[in-house]
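Those protein sequences? They're chains Z and U, same order as listed. Counting from 1 along the first sequence, just add 102 to a position and that's the residue number in the numbering used here. Counting from 1 along the second sequence, just add 102 to a position and that's the residue number in the numbering used here.
Hints were generated in silico from the structure; no laboratory data involved. Fair warning: this is a prediction, and the values are worked out from it, not measured in the lab. Treat each hint with caution, since some may be false.
Any copy will do: because identical chains look the same in the list, a pair fits if it lies in one copy or spans two.
[As the list claims (entries may be wrong)] In silico lysine-lysine, DSS-like type, Cα no more than 25 Å apart, as pairs:
hint: 1; residue 1: 204; residue 2: 244
hint: 2; residue 1: 512; residue 2: 244
hint: 3; residue 1: 207; residue 2: 524
hint: 4; residue 1: 438; residue 2: 530
hint: 5; residue 1: 197; residue 2: 530
hint: 6; residue 1: 512; residue 2: 438
hint: 7; residue 1: 530; residue 2: 542
hint: 8; residue 1: 314; residue 2: 292
hint: 9; residue 1: 524; residue 2: 542
There are 2 protein chains.
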Amino acid sequence: MTSAKHKGALAAAPKAAQALHQAMIGAAGPAATGMSGPLSVPGTVRWGEKVLILGAGVAGLTAAYELSKLGFDVTVLEAQKRVGGRNRTARKGDKLYEIDDKTGKTVHTHTCRFDDGLYLNLGPGRIPYHHRRVLRYCREFKVALEPYVMETTANLVRPPKSDKAWPNRRVANDTRGHIAAKLAETLVAKDAFTGEVRDLLRLFGALDIDGKYSEAKRSGYLYDPVIEEPFPVPAPPLTFEELVESGFWKASFYQPLDYLWQATMFQPVGGMDKIVDALAHQARLAGAEIVLGAEVTDITILKEGPEVTVSYRAGGQDHQAEARYCVSNIPIPVLKGIGRTGFSEEFESAIEAVEFAKTCKVGWQANERFWEGDFEGVVGDRHAIYGGISWTSHNITQMWYPSNDYFSHKGTLTGAYNFKDKAEFLGKLPVQERLNLARKGAMELHPEFGKDELVPQDKGVTIAWHKVPYQLGGWAAWDPSEESHYEAYRRLLQPEGGDAFFVTGDQISPLPGWQEGAMMSAEYVTWQILGVMPLSVPEVVAVPDSVALTQGMV
Amino acid sequence: MTSAKHKGALAAAPKAAQALHQAMIGAAGPAATGMSGPLSVPGTVRWGEKVLILGAGVAGLTAAYELSKLGFDVTVLEAQKRVGGRNRTARKGDKLYEIDDKTGKTVHTHTCRFDDGLYLNLGPGRIPYHHRRVLRYCREFKVALEPYVMETTANLVRPPKSDKAWPNRRVANDTRGHIAAKLAETLVAKDAFTGEVRDLLRLFGALDIDGKYSEAKRSGYLYDPVIEEPFPVPAPPLTFEELVESGFWKASFYQPLDYLWQATMFQPVGGMDKIVDALAHQARLAGAEIVLGAEVTDITILKEGPEVTVSYRAGGQDHQAEARYCVSNIPIPVLKGIGRTGFSEEFESAIEAVEFAKTCKVGWQANERFWEGDFEGVVGDRHAIYGGISWTSHNITQMWYPSNDYFSHKGTLTGAYNFKDKAEFLGKLPVQERLNLARKGAMELHPEFGKDELVPQDKGVTIAWHKVPYQLGGWAAWDPSEESHYEAYRRLLQPEGGDAFFVTGDQISPLPGWQEGAMMSAEYVTWQILGVMPLSVPEVVAVPDSVALTQGMV
Chain Z
103 MTSAKHKGAL
113 AAAPKAAQAL
123 HQAMIGAAGP
133 AATGMSGPLS
143 VPGTVRWGEK
153 VLILGAGVAG
163 LTAAYELSKL
173 GFDVTVLEAQ
183 KRVGGRNRTA
193 RKGDKLYEID
203 DKTGKTVHTH
213 TCRFDDGLYL
223 NLGPGRIPYH
233 HRRVLRYCRE
243 FKVALEPYVM
253 ETTANLVRPP
263 KSDKAWPNRR
273 VANDTRGHIA
283 AKLAETLVAK
293 DAFTGEVRDL
303 LRLFGALDID
313 GKYSEAKRSG
323 YLYDPVIEEP
333 FPVPAPPLTF
343 EELVESGFWK
353 ASFYQPLDYL
363 WQATMFQPVG
373 GMDKIVDALA
383 HQARLAGAEI
393 VLGAEVTDIT
403 ILKEGPEVTV
413 SYRAGGQDHQ
423 AEARYCVSNI
433 PIPVLKGIGR
443 TGFSEEFESA
453 IEAVEFAKTC
463 KVGWQANERF
473 WEGDFEGVVG
483 DRHAIYGGIS
493 WTSHNITQMW
503 YPSNDYFSHK
513 GTLTGAYNFK
523 DKAEFLGKLP
533 VQERLNLARK
543 GAMELHPEFG
553 KDELVPQDKG
563 VTIAWHKVPY
573 QLGGWAAWDP
583 SEESHYEAYR
593 RLLQPEGGDA
603 FFVTGDQISP
613 LPGWQEGAMM
623 SAEYVTWQIL
633 GVMPLSVPEV
643 VAVPDSVALT
653 QGMV
Chain U
103 MTSAKHKGAL
113 AAAPKAAQAL
123 HQAMIGAAGP
133 AATGMSGPLS
143 VPGTVRWGEK
153 VLILGAGVAG
163 LTAAYELSKL
173 GFDVTVLEAQ
183 KRVGGRNRTA
193 RKGDKLYEID
203 DKTGKTVHTH
213 TCRFDDGLYL
223 NLGPGRIPYH
233 HRRVLRYCRE
243 FKVALEPYVM
253 ETTANLVRPP
263 KSDKAWPNRR
273 VANDTRGHIA
283 AKLAETLVAK
293 DAFTGEVRDL
303 LRLFGALDID
313 GKYSEAKRSG
323 YLYDPVIEEP
333 FPVPAPPLTF
343 EELVESGFWK
353 ASFYQPLDYL
363 WQATMFQPVG
373 GMDKIVDALA
383 HQARLAGAEI
393 VLGAEVTDIT
403 ILKEGPEVTV
413 SYRAGGQDHQ
423 AEARYCVSNI
433 PIPVLKGIGR
443 TGFSEEFESA
453 IEAVEFAKTC
463 KVGWQANERF
473 WEGDFEGVVG
483 DRHAIYGGIS
493 WTSHNITQMW
503 YPSNDYFSHK
513 GTLTGAYNFK
523 DKAEFLGKLP
533 VQERLNLARK
543 GAMELHPEFG
553 KDELVPQDKG
563 VTIAWHKVPY
573 QLGGWAAWDP
583 SEESHYEAYR
593 RLLQPEGGDA
603 FFVTGDQISP
613 LPGWQEGAMM
623 SAEYVTWQIL
633 GVMPLSVPEV
643 VAVPDSVALT
653 QGMV
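Modelling step: build the complete structure from the supplied sequences, incorporating the hints.
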């Protein structure tokens, strides 16, 4: 897909970028760290040039911070009364709005009624260890991080063709054992189950000396240890036929193996929005102005003078702003609805080609952490689940247990996070019906969800991101099998009006749906504005596979 | 091994035990939780009967707490100046002692010189989610727990036959992929690589549509994402031959799959000794007296009157104590060296049969967390390791990265945790030579260990548990293949002198080397004293496999 020449040119870019980044860090030093010494301003920095950033999502805020540090005069226009975009954490009193399917009007669907101190991330919820930009900003801004546990062997999976949920440890280890044993069997038949290969297969699959998977040693105990009793007595293995018949892998069971997820990740202590709060705070410290409640209505690229004019409504009045540069963090489906003048035909075709993905979440407050155990005999069937995700073929798709405040009394769970048809179906239902459906899915994993006193309906929250005003979707649904996406993706990487108007966000990054992608894009646009990164994009670019990058192998 | 009759009898025991435990929790309620209401004392409780507990290890303290709550008059004699036994956390100023191989005398080997606020667990370091007793006491005593990460895919393995270290994600996923592909190949040959089995194998191993493992999609990226570039580009797979040749699985690579370990476990915030501190505090609140620096010299079981007399030295003077019950938490190798009168021949044979395992640890203070990344370009080759263990065939066996205070500047690592011959070899070396050897092993994983300014030698600590006075080993080395161990294990479960003298500890539990085993044993002895659990043990009992239970499959 990428020519050798193209490869060569790109190989050079990161070096220039790195040098620049060092310079940026250097320039930021005094302001950001309070270090003394002379201000080291790289030659590329131009003081006072005006930048208008449209949208205070992760990319918009990152660009605002970086460009302000470099001396640009930055104003951010944000339509909502809060920063962060899809980076949103629900707490008591937070109001949720969606666009009504029939009227097309924005309605207040419900208000979060969690108890004080409880919260749930409605958008991004985890950070892999290799998302270095997100981690670096957290470290720089002292956003405390704690492990987000994606998988524990106590989590459950309820396969499509099964009427019960199995613990992860049984499904994972028994499948592993059977596959190793089946390979061992073919080797035994050839007298080749010997030496190092035998040793490896035995340790890989917990096979016995003959290559059989007869004891599920890693899958848990048949009963808890008792003094005098033989111990540990392994749980009986599920048969390979049972496992195959169940179709468990179709319920995203292997997603945590993907490099983007992992068993342990990170989350900010206190909610994902700590990141956007810190970004906004630091951007302001660096000189950026962030105007909330400013809804952009029109963008005009001028041929001369100030390069871009933006009209917006704020405080019930119409305003206009002008700037040398305009960086749009507005989600493309929203941008489609905003007046545009002076844009190229290619740009117009590009934004028409991009769809955003449908995705819903449901959040529950539980008044007891019954999934963690039965320490006081209150409730629970002793799952001993501490964080991680249970998977199900039910519409809810997955259940996230809290990775914070283990062993405390109350907790919040993500009671649905689904995609495509399932998200479309769930999103069409009114809030109470969504909660009813999600509760049924949850009961298939934990019967305790049947008790309103444990999991109160009036404290449930739900969001259908594709119906949320100013968002209209979870992420750009890029698809490398769509021919039109190549030209669209390429076009959106290039500024309009020479170097006047830039699109930013995870929507135009190799990591759609990830904050790291948003920050990468903000960095890229910053470099384009500084002239370090060429404004024209190679003829052939890669298109991200949004499904794989947000949901893993399917 | 266990007769049907024996099974039936035991099946009943846990129920009685559960009922008793409920009663115990009931009795503890008012004191422990501050709840009001009348004290509910079960009929079995006898006020004021004297119990002497020898040794303030986890089992001794647990028994002291539980028996005190039940109304017994409990005194704990502890030879050392601290409680906890092998549950020990090293901090600045802590002195380490070992018995000199030649002279047999206890010598002060070194003093921990960690910076203020740093600490390292020298004994137990992690708690699985199914060790319910440990977790329950932590919850009851408000010992804050945080995730202990045992495995991340960024951890390294340096196999026996390789001169470099590979990331876990490559070794784990490439092995998985190749094994699945090899099985797929045999199925393809039989036209059986179809339908659900094909789907499962593909997801299991990340195989392509033809069942080949051609792209290591889960093993990490070839390079970090760059805008415009094809992404993600998978790391090239290691070949199956390379993997087999390396012998990586011999370096305990698969230990985290074992049910006893897991990728995520728990640790107390601030050090494992928070558990024994809390147990000691609560035992004292419940009325127990804990005498530190009291070294037992003789134990005599009397036929009449007070049942046991214990002689001990404390404050330079000889003392004697008498009690109705005596519970010995003294490690068996230490007990062997204490005068004993009135013990049965069978008991004497039993303690002769038990050996304790050799095991060493090394701890490092690092002045930069170079393994976590290169945020500021200081050091590090961007491993992005946050917790978990790297494995090596070097003497050090394993390297534990801190699971606490991620993203801070300094940190402590477990730079060796080894067994058997390797522990014997390391333990024979003087402290500085141990640190030199451990540093070499660490450098094979991270060259940064070569820099004294990053990992200062004078802040290293080391312990050879088999040489530590009052401990003399890591755990009882029970071995089900040793005929003599059956009678020994059985005998030590029964009290001596009727119901006068009891042995407790993980040393006589199904979980040697684990705090849960110590607590199980304390519970068992408590039930025996209360008469809930029969004093005579079934004729045939199971013997724990200490190697498997402390090191997993080997």
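Hint-by-hint comparison with the structure:
1. In this assembly of identical chains, residue 204 and residue 244 lie within 25 Å of each other by CA distance neither inside one copy nor across copies; the values are 45 Å within and 53 Å between.
2. Proximity of residue 512 to residue 244 under the C-alpha cut-off of 25 Å is restricted to the inter-copy arrangement: shortest distance 16 Å between copies versus 27 Å within a copy.
3. Taking the shortest Cα distances, residue 207 and residue 524 sit within 25 Å of each other inside one copy (23 Å), while across copies they are farther apart (72 Å).
4. Taking the closest pair of Cα atoms, residue 438 and residue 530 come within 25 Å of each other only inside a single copy of the chain (23 Å); across copies the shortest separation is 74 Å, beyond that limit.
5. With identical chains, the CA atoms of residue 197 and residue 530 are at most 25 Å apart within one copy only, with a shortest distance of 19 Å there and 67 Å across copies.
6. When the C-alpha separation of residue 512 and residue 438 is checked against a cutoff of 25 Å, the pair qualifies neither within a copy, at 43 Å, nor between copies, at 50 Å.
7. Only within a single protomer do residue 530 and residue 542 lie at most 25 Å apart by alpha-carbon distance; the minimum there is 17 Å, versus 62 Å between protomers.
8. Within a single copy, residue 314 and residue 292 get their C-alpha atoms as close as 16 Å, and across copies as close as 21 Å, so both meet the 25 Å cut-off.
9. Only within a single protomer do residue 524 and residue 542 lie at most 25 Å apart by alpha-carbon distance; the minimum there is 15 Å, versus 55 Å between protomers.
Consistency note: the structure conflicts with the earlier hints numbered 1 and 6.
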